[in-house]
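Asker: Everything in the sequence shown is counted per numbering that gives the first Met the number 0, starting at 0 for the first residue and increasing by one.
If you are wondering where the hints come from, they were derived from the structure by calculation, not from laboratory data.
Just so you know, not all the hints are guaranteed correct.
Said to hold, decoys possible - In silico lysine-lysine, BS3-like type, Cα no more than 25 Å apart, as pairs: (1) Lys645 to Lys635; (2) Lys93 to Lys135; (3) Lys135 to Lys104; (4) Lys167 to Lys77; (5) Lys162 to Lys135; (6) Lys657 to Lys671; (7) Lys135 to Lys158; (8) Lys376 to Lys365; (9) Lys657 to Lys635; (10) Lys617 to Lys597; (11) Lys617 to Lys657; (12) Lys645 to Lys597; (13) Lys135 to Lys167; (14) Lys443 to Lys376; (15) Lys657 to Lys737; (16) Lys365 to Lys443; (17) Lys376 to Lys473; (18) Lys93 to Lys104; (19) Lys93 to Lys158; (20) Lys645 to Lys657; (21) Lys657 to Lys597.
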Amino acid sequence: MTGEKAAKTAMTEGSNSLLTLRRILLVTGLLLSGAVTWMLLWTGDTYRNFAIETLNNSVSGTVNFFVGSRVAQDYGDKVTPIVNEWSRLGSLVKSFQENDQTRMKAELNILSNARQVVQGELDLIETVAYDENFTKLATSDSELGASITDDPAVLEYLKNREKAEARKPATYMWSTPDGRPVFSFILPVGGFRAVGFLEVVTDPLPTLAGIGKVLGGNFRIFDTDGTLLFESLEDGQTSEGDEQIAAADGSDGAEPGNTEATPPETANTPDSENASATQRAAVDILISDGRGGTWAKATFDRDITDFYSQTNDLRMLSIEILVAVLVVGWLAGWILLRTTVFRNLRAFARAMTSISNGDTNVDLPKVGSDEIGDMKKALIGLRESVRQAMILQNMVENTPTMTALITPAGTLSYLNASAQDYVGGNTDTVSGDFLNLGDDFQTKLSNPENLPFTEVMQNDRDYLELLAAPVRDKDNVLLGTMLAWNKVTEREESRMAITEMMAEVARVAQSVTEQSEGLLGLASELTSQSENTVAQSGGALDVSREAASNTQNVATAVEELSSSIAEINRQASEASNVTNRAQQEAEESQRNIGSLEKASSEIGSIIDLINDVAHRTKLLSLNATIEAERAGPLGKGFAVVANEVKSLADQTASATGKIGELTAAIQQEVQKAAHSISTVGDVIHQVNDIQSTITQSVDEQRRATGEISENVQRIAAGAGSMDEMIQFVNDGAQSTGKNAHDLNTASHQLSEMARNLSERMRAFSERMKLT
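With the sequences and hints as input, model every part of the structure.
Answerer: Given below as structure tokens:
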């Protein structure tokens, strides 16, 4: 009973579980159907909005290109010959040459009545005259109140142009402070010989006629206050303000519509509204002036009703097909699951859960040879693979070699325990160049053609021995890159230390070899020198005895030299006294010349005073002559006196002028004499200094001669002991010869040992692969 009750209980629980699963499947199917339906609706709306946004973005670029092409190129090329002709008008050029700003303003106003303006070839707004430095001289009568030169960057460029560049017209697209788009021409006035510059401001908007028809929509330009400045409609109508503009193809447009700015209709009308309602896509456009600024603010809208209708039809068809597929698929799946799959799936789910938890000894349910049987075989294979993978994972995880796995995309997917300890994190916190080996290593590691490779590199902490190898599946598809590394800092440091030590020992051995060879040469030379010393010491005794005899003769000559030096000293003292007297006379002459120069300067001052008096006298005589003329006949006698005074003043000025010239000549000669006497005094000073030096030198020579006499006497006294010293030198030379022979033998042995050491170090380095 107990077993049967347990079986019933198990069956009841199984039935309840299946009922719950059926309910879950039903709810899941309904939710999935709703979710997919909502997804289709959302995808349709997203696609439609994306398409409209893409269309609007393309329109912005197209409008900028179209406007730039028509205005900056076509319009500029069309109008440039006209304004260039204006800049060469003779009356305008003459007003610039005469700098007559009133006439210049009148000439600028006359341009508004030019043939091209009257006939509508261009819409002239304003003309401005500048001088060669772009200082504004005159402006035509207009209400624009702005100029392209108000832009500091443009003004700076125009001022700093080369002469050849300044002779060419310059064109600019710009907008006034109130947002009105205009076009300016900057031209040199007078042609090649420019006398100034002329700015012609025009309205280029008429050249955009027909842009709406070309682009298939309504194109409008507004100012900053929202006032409509230009409109080109989809049906070909074009207007600027309240005026209708002829279409670009030459045909007359229709009557202009409402020119007030009206907001375009949006493109997201709800589906519940009338499907036949017109749908329009609108976009705001900023038209560039070509210098990084905004030339005009515009809007563009177009009819997208057909596009809306097609997307709605496509969305409804997709929903109908999806619902049918979901219903059929849900019914078929439910029947299949109910009849064949549920029980085995539960058993397989438990087994897979156990395997995923690491239990590779779990028993699998008994099934037939159908697809469920294939699933069992696959699950058995999976269990064995998991068992082997767990064994390998435990081996890799616990190995002291640090290991990482990097996906082909370059992300870090695995770090074993030792690798995590080394890098201080796991795959969630570590990425990129986690070993700090540099971009070159990362580039090499990411290229599968470089794999496998082994390399020793240094990061900011250690030397690492790296092994990079590809990880591929059975189809040779790259799954990732395994990077294994070990710290080899001590080994590399030891290797470098051994390398340095070997290099140092090699250098020492080479140095010992070179030094031993040099020592061998020195030993040979020392042997030769000792033999020469023994041979020459015998003749040194005879030479020393002859030197003792000559020393007495030298003492006698030294006494005679001392007497001659005393006589030279007396005559040098007398010459010093003579030069002192000459120096005093030269200083006295220099003082006298200075007094004479001062007196000539005072004469010059007196001459200046006389000239001033003569000049004033001449002025007084001139005033007297004028007063005499005013007095009439009564002043004739006074006029004669005034003329005589004037004549005397002229003679006085002439005489003082000649005296001044003579005085200046005297001053020049006095200055030359003063310079010559100063030079003589300097020479006497130099002679006196030289004489004093000679006297001192003679005294020093006399003292030196006395010392030489004393030294000669001591040499004579010491010559007797020279024989004994030469004998001692002879004995020492023989002993040195014996030591040199011994040194020669030792040098040969040392050189041979150094060569052997060098050969052994080279062989050791090659064996250790260090050189």
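Asker: Each hint should be assessed against the structure and marked as holding or not.
Answerer: Each hint, compared with the structure:
1. Lys645 to Lys635: holds (15 Å)
2. Lys93 to Lys135: holds (17 Å)
3. Lys135 to Lys104: holds (11 Å)
4. Lys167 to Lys77: holds (16 Å)
5. Lys162 to Lys135: holds (20 Å)
6. Lys657 to Lys671: holds (21 Å)
7. Lys135 to Lys158: Distance ~13 Å between lysine 135 and lysine 158 Cα, so the pair holds.
8. Lys376 to Lys365: Between lysine 376 and lysine 365 the Cα gap is close to 11 Å, so the pair holds against 25 Å.
9. Lys657 to Lys635: Violated: lysine 657 and lysine 635 sit about 33 Å apart, past 25 Å.
10. Lys617 to Lys597: violated (31 Å)
11. Lys617 to Lys657: holds (18 Å)
12. Lys645 to Lys597: violated (33 Å)
13. Lys135 to Lys167: holds (19 Å)
14. Lys443 to Lys376: violated (42 Å)
15. Lys657 to Lys737: violated (103 Å)
16. Lys365 to Lys443: violated (52 Å)
17. Lys376 to Lys473: Measuring from Cα to Cα gives roughly 20 Å; hence the hint holds.
18. Lys93 to Lys104: holds (13 Å)
19. Lys93 to Lys158: Between lysine 93 and lysine 158 the Cα gap is close to 23 Å, so the pair holds against 25 Å.
20. Lys645 to Lys657: The given pair, whose Cα atoms are some 19 Å apart, holds under the 25 Å limit.
21. Lys657 to Lys597: holds (20 Å)
Violation of the numbered hints given earlier is confined to hints 9, 10, 12, 14, 15 and 16; the remaining hints are satisfied by the structure.
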